[in-house]
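Position chain B against the provided structure of chain A, taking the given hints into account.
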Amino acid sequence: MFSRVLIANRGEIALRIIRACHELGVGAVAVYSEADRGAAYLDMADEAICIGPPSPAESYLDIPRIISAAEVADVDAIHPGYGFLAENENFAQICRECGITFIGPPPEAMRLLGDKVEAKKLAKKAGVDLVPGSNGVVGDEAQGLKIAGEIGYPVMIKAVAGGGGRGMRVAHNDMSFRSGFAAAQAEAEAAFGDGSVYLEKLIAEPRHVEVQVMADAAGNVLHFFERDCSIQRRHQKMIEESPCPVLNEKTRQELCNAAIRIIKRANYVNAGTVEFLLDKDKHYYFIEVNTRIQVEHPVSEMVTGCDLIKMQLKIAAGEKLELTQKDIKHRGVAIECRINAEDPANGFSPSPGTITRYIPPGGPGVRVDTHVYQGWTVAPNYDSMLCKLIVHQPTRTEAIATMRRALSEFVIEPIKTTIPACLSILSHNLFVKSKVDTEFVERNF
Amino acid sequence: MAQWDDQLGKLKQIIEIMKEHNLVEVQIKQGEDEISVKKGQVQTPQPQITAMPVIGAGIPAVLPGAATPQQEKLAEIKSPLVGTFYAQPSPDSEPYVESGSHVDPQTLVCIIEAMKVMNEIKAEVAGTIVEVVAVSGEAVEYGQVLFRVKPD
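Line by line, the protein sequences give chains A and B.
With the first letter of the first sequence counted as 1, position 419 gets the number 419 in the numbering used here; the numbers rise by one all the way through.
With the first letter of the second sequence counted as 1, position 66 gets the number 66 in the numbering used here; the numbers rise by one all the way through.
So here's chain A without its partners, still in its complex pose (with noise of 0.2 Å):
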């Protein structure tokens, strides 16, 4: 096991983390920048470096800081969280040539899956169903207007090297779809520095299912089952669950087994996500990978009383995984609920400032994940998330009254939070029969 491992990240995962590397006997050396000065979580860290200014560039997204953080420190590894450089190949790639261990895929692995097209590829091998779409780069428009008659309208134009919903129109005929690629190009040429778009046809009332994976080096590859995120916001997730509420197990074991096996197939190591888009009837379609540990993770843990945030450091450190498939059990129902600071009455717009006052809920079957406390500034240079709010409980009716009570018990003043926001899609009579796409947030609040 490492003796002491860098996080290279801020906030609640960076304190997740160092929890995580404590248990395991492990120091934590936590990095942060000038906005972060003085945040309590800091002093649980063995360690804590100021890397640089407020902005993320010139910190967090600054390799040869972060670099120079570790050597300096001494870590034998760096866990870089999600975001930030989380899914940076090139971060990776330096991490291995400067002999510290990066707590994540291979590069190349990374490099491979995070290629959107290159993914889909290799979904195909693996027997995985695609959204029917251009399955690569569309060069022009007239060989755009021939594959959309193939897959049939709607279309939807995407980025290839996208995401976070940019770069992307929807067409519903040829007329819509000639504005909409020369559009989508543009701004994914602004975006990305790529204008390569393709083509995928548009599922109708799509929920987002993703299955939490995780492989070590030996080739041996779990799943922890699935999640449901089809509660979002702009292509923002605001709530996770675990089971997927509309499948069936048979339909479960496909979905968590295809996504082995592309897992496989990638040579992948370490923690992944596979996404799916599961539509009306059942069908599930590969999106893509997440090449990282993701926000929602708790959900997985709670359903499968797994940490794989440990679990990624005794892998990385060299460890075989020591449960089989069959030793996961999925138990009961897990909600998670991202608490941002953000004022939902007011177009959901950014809400910094002092936390005079803060309460967080408990009792049974209660987790909250976060570095926020009274006193906490919110600062406006980085995302607005303040904690994730998990329950846990045998059914999904004692989840959703558990995750209500707790929403309800919260107090987080003065600053607006996305708390009544969560509250209100809760009691949606819509979410309580879990007849939700991806689309329902933005229809109905």
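Rather than coming from a laboratory, the hints here were simulated on the basis of the structure.
Each residue gets a CB set at the ideal place from its N, CA and C atoms; glycine is no exception.
One should not assume that every hint holds.
What the hints assert, rightly or not - Below, computed lysine to aspartate or glutamate pairings styled on DMTMM-like, alpha-carbon distance capped at 20 Å:
hint, chain 1, residue 1, chain 2, residue 2
1, B, Lys116, A, Glu34
2, A, Lys264, A, Glu254
3, B, Lys29, A, Glu34
4, B, Lys78, B, Glu16
5, B, Lys78, A, Glu34
To be verified - Some chain A residues well away from chain B (every beta-carbon gap over 12 Å; in silico):
hint, residue
6, Ser59
7, Glu118
8, Val246
Said to hold, decoys possible - Cβ-Cβ distance ranges computed for the label pairs, FRET-style:
hint, chain 1, residue 1, chain 2, residue 2, range
9, A, Val432, B, Val37, 51 to 61 Å
10, A, Asp46, B, Val145, 17 to 27 Å
11, B, Gly100, A, Gly193, 49 to 59 Å
12, B, Val130, A, Tyr373, 30 to 40 Å
13, A, Glu398, B, Val26, 47 to 57 Å
14, A, Gln93, B, Glu20, 54 to 64 Å
Below, chain B alone, put in the same frame as chain A:
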């Protein structure tokens, strides 16, 4: 109302500390909040010599006004990088600067080694080194004070 009482209480505490340590100016920043307290400067009246024993040519001398009490405001040279601080170019050479050295903005004051690259750090201030704070061969973080300088 409670917030105002809090602030007044803080202010009183700050004033007490200033009196105790004979400080002229205190600035406290916490997140977005900032308190700045400055002691009013005491003007010592210029001593006027109205009568003086005539000595020699009998030209009355006027003594210069007493200087107002000033706290020395030192500039700090802070590390722009994370790395290892070296005060001299090689183990057996003289340090680039030491206490008493005069520097101007382009003066090379130290090396910070980061990822095997030796970064030359310039003073970026004109003045005299008062204190070498960082220890040669030890790690420094971003923003860490390396030297204190009395500006010209």
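Compare the distance between the alpha carbons of lysine 78 of chain B and glutamate 16 of chain B with 20 Å, and conclude whether the hinted pair is satisfied. violated, 30 Å
Against chain B, does valine 246 of chain A hold up as non-interface, every C-beta pair farther apart than 12 Å? Fine: 45 Å to the nearest Cβ keeps valine 246 of chain A off the interface.
Pair hint outcome, lysine 29 of chain B versus glutamate 34 of chain A [Cα-Cα no greater than 20 Å]: Given that 20 Å is the threshold and the Cα spacing comes to 13 Å, the pair holds.
Given hint glutamate 34 of chain A paired with lysine 116 of chain B - CA-CA distance at most 20 Å: violated, 25 Å
Could you see if the CB distance from valine 432 of chain A to valine 37 of chain B stays within 51 to 61 Å? holds, 57 Å
For a C-alpha distance cap of 20 Å, please report whether lysine 78 of chain B and glutamate 34 of chain A respect it. holds, 13 Å
Pair hint lysine 264 of chain A and glutamate 254 of chain A, alpha-carbon separation not exceeding 20 Å: holds, 15 Å
Supplied distance hint 47 to 57 Å, evaluated on CB atoms of glutamate 398 of chain A and valine 26 of chain B: holds, 55 Å
Was serine 59 of chain A rightly flagged as not at the interface, with every chain B Cβ beyond 12 Å? violated, 8 Å
Please check whether the beta-carbon of glutamate 118 of chain A is more than 12 Å away from every beta-carbon in chain B. holds, 31 Å
Holds or violated: 49 to 59 Å for the Cβ distance of glycine 100 of chain B and glycine 193 of chain A? Holds, at about 52 Å.
Go ahead and decide if the range 30 to 40 Å is satisfied by the Cβ distance of valine 130 of chain B to tyrosine 373 of chain A. Hint holds: Cβ distance 39 Å, inside 30 to 40 Å.
Checked against the numbered hints given earlier, this structure breaks hints 1, 4 and 6; the rest are met.
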